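Participant: Sequence:
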Amino acid sequence: MENFNYYIPTKILFGKGKIKSLGKEASKYGKNILMVYGKGSIFKENCYGTSLYQQAKESLEEAGLTIFELPDIDPNPRIESVYEGAKLCRDCKIDLVLAIGGGSTIDCAKAIAGQAKYEGDIWKCYESKDPRPLQEVLPIASVLTVSATGSEMNGNSVISNLSCHKKIGLSTSKFRPVFSILDPSYTFTVNRKQTASGCVDIMSHIFEQYFTPDHGGYLQNRMMEGVLKTVIHYAPIALEHPDNYEARANLMWASTWALNDMFEKGKIPTDWATHQMEHELSAFYDITHGIGLGILTPYWMKYVLSEENRHRFVDYGREVWKLTGSEEEIAEGSIQKTREFFTSLGIPARLQEVGIGEENLEAMAKQAIQQGPLGAMKELYEEDVLAILKMAL
Numbered sequence: 001m002e003n004f005n006y007y008i009p010t011k012i013l014f015g016k017g018k019i020k021s022l023g024k025e026a027s028k029y030g031k032n033i034l035m036v037y038g039k040g041s042i043f044k045e046n047c048y049g050t051s052l053y054q055q056a057k058e059s060l061e062e063a064g065l066t067i068f069e070l071p072d073i074d075p076n077p078r079i080e081s082v083y084e085g086a087k088l089c090r091d092c093k094i095d096l097v098l099a100i101g102g103g104s105t106i107d108c109a110k111a112i113a114g115q116a117k118y119e120g121d122i123w124k125c126y127e128s129k130d131p132r133p134l135q136e137v138l139p140i141a142s143v144l145t146v147s148a149t150g151s152e153m154n155g156n157s158v159i160s161n162l163s164c165h166k167k168i169g170l171s172t173s174k175f176r177p178v179f180s181i182l183d184p185s186y187t188f189t190v191n192r193k194q195t196a197s198g199c200v201d202i203m204s205h206i207f208e209q210y211f212t213p214d215h216g217g218y219l220q221n222r223m224m225e226g227v228l229k230t231v232i233h234y235a236p237i238a239l240e241h242p243d244n245y246e247a248r249a250n251l252m253w254a255s256t257w258a259l260n261d262m263f264e265k266g267k268i269p270t271d272w273a274t275h276q277m278e279h280e281l282s283a284f285y286d287i288t289h290g291i292g293l294g295i296l297t298p299y300w301m302k303y304v305l306s307e308e309n310r311h312r313f314v315d316y317g318r319e320v321w322k323l324t325g326s327e328e329e330i331a332e333g334s335i336q337k338t339r340e341f342f343t344s345l346g347i348p349a350r351l352q353e354v355g356i357g358e359e360n361l362e363a364m365a366k367q368a369i370q371q372g373p374l375g376a377m378k379e380l381y382e383e384d385v386l387a388i389l390k391m392a393l
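Counting in full-length UniProt numbering, the sequence shown runs from 1 upward without gaps.
Don't take each hint at face value.
[Unchecked claim] Computed cross-link-like contacts, SDA-like style, restricted to lysine to any residue with a CA-CA straight-line distance of at most 20 Å:
id, residue 1, residue 2
1, Lys57, Gly17
2, Lys18, Glu246
3, Lys337, Val314
4, Lys129, Thr172
5, Lys20, Tyr245
6, Lys18, Thr189
7, Lys166, Glu80
8, Lys31, Lys93
It is worth saying that the hints were derived from the structure and are not from the lab. No experiment lies behind these values; they were computed from the predicted model shown.
Between the sequences and the hints, there should be enough to build the whole structure, so can you do that?
Facilitator: Written out as structure tokens, the structure is:
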């Protein structure tokens with residue numbers, strides 16, 4: 001196991017009715033709150049007989065806080081929303097940026113909090129993947145409504161710039177929320193497609209940290225297998241019974257732990273090639289992130305599988321899918337099981353099913369490796385990325 005430092009400052013308030021604590025927690029950071037949210041689900045009636053918008057507003061106002069709003073954040077959040085939100089922060093002297101929604105909204109809030117305190121253009125930090133210019137960031141908090149990205153407890157943010165067909169992630173400890181409210185009840189109304197794609201996203205986060213070339217990290221690997229088995233068990237239940245609290249609660253907590261840095265510690269380097277490739281799909285075609293990951297993952301697995309790394313696929317097949325047979329059979333079988341599970345959730349198996357053809361494959365492959373080869377299990381160069389994209393057509 002490699003050396004590591006580990007620190008998570010995010011306070012988690014998990015469970016039913018935790019929204020009542022929002023005002024009390026937010027008031028610790030100041031008086032002016034920028035509430036960032038998406039396209040309208042925040043206004044829908046929930047299982048509490050009201051809307052999340054109304055619940056959040058009441059809690060904040062009861063604490064004597066002043067609310068400013070930035071609505072209509074896109075599923076792949078745009079840099080334009082970041083600029084707009086940052087201007088609001090400066091003009092209104094915002095003390096806390098509060099994201100209410102899923103990973104896209106939280107990611108956007110993080111970028112807003114960074115741009116608000118930065119005189120330069122934060123997009124350049126994303127392009128260079130260098131957060132060092134961000135010396136100060138406004139405090140960030142979240143109320144989670146979609147189980148998928150883990151953004152509620154990590155320092156990651158992914159922003160899209162459609163003018164140049166780029167979707168780029170930036171990571172810094174300054175982006176970690178100071179607190180996050182996780183009430184699984186708010187995910188009851190998440191539709192079937194978003195629930196399925198969220199579950200794929202959770203699993204993909206695990207895969208990126210699980211499939212590494214090292215032989216260490218025994219504890220982390222067993223914990224990750226537990227998260228994978230949790231998603232495999234509860235995803236079908238959540239799809240068939242959207243208001244099953246236990247299923248939604250387990251998926252929400254799995255989402256949070258799948259990407260809060262716990263599992264990667266001691267396992268450097270991790271992979272992330274599939275995420276980088278999917279970012280190109282979303283940048284060029286604005287598709288749902290989890291859908292893109294679900295299409296690409298089995299093809300990536302098949303492409304990188306080799307005698308040198310077969311042991312990791314064998315562990316995955318035995319521990320998660322309970323496969324038996326020769327090592328070759330288990331490794332190949334684990335990939336097939338992954339595809340079958342994604343298909344059972346309603347995830348497409350081919351890029352053509354989501355409107356992606358051959359026309360931009362070369363451009364996407366070239367852009368994916370702009371900052372160097374991808375991956376750790378197998379280094380992927382432009383020709384490798386192109387080969388995987390063609391396999392997925």
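Participant: Could you work out which earlier hints the structure fails to respect and list their numbers in ascending sequence?
Facilitator: Those not satisfied: there are none.
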